[in-house]
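Student: Here are the chains, one letter per residue:
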Amino acid sequence: MKKIFLLLGSLLFITACSTDLEQAPPNFASADSLTDFEGVLNAAYYYQLGATTPLAVMGEFRADNAFMFEAPYTEFDVYTSNLTTMEDQFFGPLYTALYKSILSANNVIENSSDATEIGEAKFLRGLSYFKLVLTFGDVTVNLSPAPSLTDTSILVRQPATDVYNNVIIPDLTDAIDVLDATIVDGRASKYAAQGLLGKVYASMGDYASAEPHLAAVVNGAAAAGISLKDNFDEIFGAANEVGNSEIIFSTQIVSSIVDEYSFASRFWNWFVGDDSKSDFPVDPDLIAAFDAVSGDITNPISDPFRPDNGDLRRRVTITTSDVTEFDPITETNVVIGEEEVLTSSKFPKDGGLGSEHDWIEIRLADVILLYAEALNENNAPASTVLPLLDDIRTRAGLNSLTGTVTSQADVRQVILDERRMELAFEGHRWFDLVRTGTVDAEMGETVNSNYYVFPIPVSEVLATKGVITQNTGY
Amino acid sequence: MKQTKNLKKTLLLLMGFCFALNLNAQQKTITGVVTAEADGLGLPGVNVIVKGTSTGASTDFDGNYTINVSGNDAILTFSYIGYVSKDVTVGGNNTVNVTLAEDLAALDEVVVVGYGTRKKSHLTGAIAKVGGAEVAAIQATRVDDALAGKLPGVLIQNQDGSPGAAPKIQIRAASSISSASNPLIVVDGYPISGGIETVNPNDIQSLEVLKDAASAAIYGSRGANGVILVTTKKGKSGKATFSYNTYVSTSSKYRDNILMSGPEWAANARSQIAAGNWTSTVATQDPAFLEYRLSAYENSPGAISPEDWLFQNGNTMSHDFSMSGGSDDVNFFASVGYQNAEGVVITQGFERLNARLNVDAKLGDKFKAGLSFNGFTSNRDILGHDMRDLLRAYGISPVLHTEESIAFVQALDAERQRLSDAGVPGLSAPFDSGYRGSGYEASSIYDLEPGMAAQDWQYGRANNGIGGSGDAGPAAKLDNTDSWEKTFFGNVSSYLEYSILDGLNIKTVLGGDMTDTQAYAHRLLGFDSRARDSQTFMNQTDLKVTTVLSETTLNYAKVFGKHDVSAVAGVEFQTTKLVGTALAGVNVPDTAIQNFNLLAPADITVTERDETRARKSVFGRINYAYDDKYLASVSLRRDGDSRFGANQRYETFPALSLGWNVHNEAFLADNEVLSKLKLRFSAGSLGTVSFLGSYDALSLLSPAATVYGTGFLIPSNSANENLTWQTNTETNYGIDLGFLNNRFTLGVDYYTSDIKDILINQAQSEILGNPTSILNVGDVRSSGVEFELSARIINNDNFSWSMSGNLSTVNTEITDLGGLDELPQAIYGQSGRGPVFRNYVGGGIGEMWGLETIGDVEMEYLADGTRNPNNQTGESYVVDQNGDGVIDRTRTVEDGGDLVKIGQNTPDFYWGMSHNLNYKDFDMSFQFQGSHGAEVYNIDPLYYGSQWGGRLDYARLDANSDGIADQNGEYYERNRNQTDAMIQDASFIALRNLTIGYTLNSDLTKKIGLSSIRAYVAASNLLYIMGDDYTSYNPEGVKTSGSDYLGPTTYGAQVGASPVVRSFTFGLNVNF
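Chains A and B supply the protein sequences, listed in that same order.
Quick note: the first sequence uses the numbering used here, first residue 1, plus one each step.
Quick note: the second sequence uses the numbering used here, first residue 1, plus one each step.
The set of hints was computed from the structure by calculation and includes no laboratory data.
Each hint should be verified, as a subset may be incorrect.
Stated by the list, open to error - Subject to a maximum C-alpha distance of 20 Å in a straight line, what follows is the list of computed EDC-like cross-link-like pairs (lysine to aspartate or glutamate): (1) K465(A) x D816(B); (2) K465(A) x D821(B); (3) K465(A) x D895(B); (4) K349(A) x E241(A); (5) K465(A) x E822(B).
Sequences and hints are given; from them, build the entire structure.
Tutor: In structure tokens:
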């Protein structure tokens, strides 16, 4: 009988062995299983890629630097509710990518024990929310790596000022505290965070708070190995992007890596005329702006056929092509000069798919100009402000403005103009106009301020049954 | 009653006449063999009694008996449990061989239920049963094909007629709107990871389908789609028997050719023109051009319609060996089966090999043990390219060029030049200037060589020759594609059973199985006449599913006087692992050998799976019957499944059922007409997990390469710790009636089903990381009625005739979608040519909506009526439902548009009917299946006709282009634009099988040393009646894959369904 119970016992034992309902796949990771969150941080960086093309298009085509050619893309050049039709192309992918970057960053911030990783994640989260606020104004704030699927109250959009004060500023402040000053390509650093924080304050109109941060970058740059490149064209192009001393932070792109939003990495495409929607994107207004400074030169080029004999940045920013003439003596076509083509060569097609350019987020010239702007707004005298522009202008083959302009308003204008020339096709222009309140003046038309921001993706409004609201006017 | 009695007397009298012809009283010895009707095998232990005496004998292991009778008028009564008893008058014979039929209505018939068996008379749930012999009698490549029409409440739809393709099996109502509703397959108690096709039809003893919740609830979370229990054959003690079954068959597509070749088209065009039907469309053509084109169609050498090339007669052969036997202690059954089937479409084929071994042993008085193995491999060759597209070819050329066809195209080009020079307009372009690529075979018609695949462009374009789109020829398309699927399946399971006390047993089952499915498809450069790299691909997947099951049950069964109690309680653990890789390659190089190593690394995408699913269950059931009158059954199962959210991992599934055998009550005991009256009621709840992924409740970071190094990307699921079962609460009301000793029986079941917490992919904010999440929202309600009728119409020694029939209805309504009025609408078909599929509260699942049409736009308005073979206008007049002057096919009439419901692919009712007849040594059976009221959106005619039509001469139809035809003031619209012009009736009535067999006289058989030999001829789909407006090859066909196919919510689009197959078979069953 005992034997039998032993046997029965063993029968049951066969049955009871193993079977754990807690299952997780070995070839995937989860927040619970990870101990090293570097891969999650990498994802947070990677998702910034999805915002590059939208920012490039919004920053330039919405403003007076570029224009669209083909409907419905031409909605970018007018200020009506019809812009919502561009959702799938631009605002939608930007929105999705940035909130994914935020989720990844939240995961690192909540779960990692590495202070530097957390600092980088906070930088990326601050950057993401900053881009969202610039694009949409009020936005939903999510600081959790696993937000509730059912509690829709967490989706309610928060006022932009709250997003600035409660998320962006604290995140960037924390990042400044822990991050190293040394720049590693594509990675957040102390000065990237500080430069960004300066820009954030400037965008809020709080120039008093902006100034010290921008000053810290400009003054600390040299020690951290950050300096302006000698020639303007050395900043751009795939060949120049490795260890470039001027670039403080960029989003890395290589064509061999799959990009979730397949056009994200191809922002250059919109500028070089490769897309029929923007065959000749350069806005004549930008050319006029370059023409306006043609007299203000330090090293005039004598060739009368070259229309770029003013600002040296012109040739980098606007494409030229050879003009030829048939020579009856040699019976061949000879180049007699160049003409401008209404496309931009600032980011030429590089590599197989052309997607080899990094997206420059912050470079020293941008910070210097912002610093000058902050000083001017904080009532520093023109003689203090304008010398800051000298290195940039000298590199562009232009004279120093010191002494030529004196009033605060004039200084404000020359800084804005300088930003336009220096940063054209880098996705800044529209946001600069909005920040400085010069949309109507610069665009030469009255733009309803509803259209300073872009429409929230309609799919978000529908999916949340209206908890996420649409911007006024759209 | 009296009348019936009289009838009975008359019958007896008649029978008396038949058997009393030779009255001759003298003592003699009768010998004979008693065999089972189903398999022709000898029945051991049959009681043979001389009627009216106590003289008796019983048959030996082979069914032989010997008995002494008093004379020729003696009557022998043969009786055997579970079989219909038979009386035979001896007459002048010394040998009386008898065949006994299984008593389908026998009170003590045993039915397999979950984790046990039950007497049929004690059943309280809704269970359909089919015997193994009935399954094996149909020469199908798969078990499920053989079930078509046999079971009430079980819809078997031949969605794809290619050999080896899985039919749709739907038991009662669809239990999900998220995915297919495939039932759970349990073979000899083991829920297998493979499909039912892994079971050899010849190995099946019986097959039971648990339909209602109360029956299936013991399978808890897996029972909601119904459960199919397969019981395979076991060995019997006694002499070993050996059986060999073989057949060969030849098959062809049922429907005759429906497409015209170029020459046929020319003849048709000439007769239409002569009849004056095409006057105005022809008038637009220069007469010289018209004649040039028509004579080119007529004279194209070797031109065949694509059907003549694509379809063939397929041959199938099948061999099955089985052996069974045993001693008192050990029994075995072993079998090997092989089948090789060719499809009726070239390149289609199916080959399978099965092997089974079942061994059962008694280990002393207390222990029993057994071991079984089933192995299966199959190789399915699949048509490598969309059939619709292959049939869309123009029929203007041979498949491969010949000397004649090359000379013809060159002469046609020269003739074009001659006419063009003579001033005939539109013929100036040489054929070589057409729409073609270079680098693949010939890029000029002057470089063609015999044997090259004919391409459309080589016959010019429609306006300068008789070619068409510049598409590759069908041979080039098919020869440059390949697609196959291989399956390997193995299942081993063993059990040990111990009898603790009389009536109380404990049993442990341990087993494992593995299914390995490999699929491959490629498309090479030559597929495309323009030789575009971007048209190539090469995909390979390999998925291994292994499961380990262990289960221990305690069984108790005892009869105490009038109380019959049985109970089972058990625990079960099952672990399933899925390991697989998928390779997807693009830009496949144009080389003779294909290999992934030849592709650039960036052109290969790899997906890997490594998943584990675990389930733990406890379950129990108590059955109780009092005096065979009052029946009750209660069951409970508690399942834990790793796929659900941490908060909702366990669920309990209870069921209750009651029955009342009213005919056993005293007040009905004397009733001779009504032999059975049973009322049944059951209610229970079930779960569904089948379509949930292993980790849908988890939020998993997927590894991917980024510029920054390895990135753990945002999960494709949001974590949902509350993700849980869909629960299906079902109530069943049944009544069983039997008349005249159950010679006629009728069963009726009515059920309602309410599925709550339906798993739906709901849209959500992107802030959560994904645009959708699977949530438990929604409610679907269904109800249905099922009828099952059986009759032994005639049953005497020389002639018997029995029939059974069934009819079922299902009605389903979506009652809640988690606060939504409607799921997002989807257009599913081919390249947006399909209906608008709507799923909304108050509607059915997957309703097809579109514009209502009121007639075709006439051929007269075609820009160029003779343009290419099978040309149609492709447009219809449509109704502006709301009269707003705009045809809006994006919104319903209710929402201000013009969409109306145009169809749905669920039948109003479906039925089956089978007959079995025996006359002396001959047997005959036939099986009908029918389905009524379902519709398909059949895209094929659009493609066959002039590349989906729409080449109207709008200047004549609608001069001011306002969308309203000038001549009749009606709106017109392209058929492809979500109209009901493509909706066709999918109803059908099929004579699925007809078999006529002859069993050789047993005396003769014995002489050659066999126990029985039977030869038969059979036909499948000898008759297949389709709806009047159905124009393709298979009304049951629907597309079940493709990028925007979303499961049941977009079900009903037909795109190139493989045809209904008619086959003729000759077969032989030999038993030793």
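Student: All the hints need checking, so say for each whether the structure fits it.
Tutor: Hint check results:
As the CA atoms of K465(A) and D816(B) are separated by approximately 17 Å, the hinted pair is consistent with the 20 Å bound. Of the pairs offered as hints, the one joining K465(A) and D821(B) holds, with about 12 Å between alpha carbons and a cut-off of 20 Å not exceeded. As the CA atoms of K465(A) and D895(B) are separated by approximately 19 Å, the hinted pair is consistent with the 20 Å bound. Between K349(A) and E241(A) the alpha-carbon distance is near 14 Å, which keeps this suggested pair within the 20 Å criterion.
For the hint pairing K465(A) with E822(B), the CA-to-CA distance comes to about 13 Å; that is within 20 Å, so the pair holds.
The structure agrees with every numbered hint stated previously.
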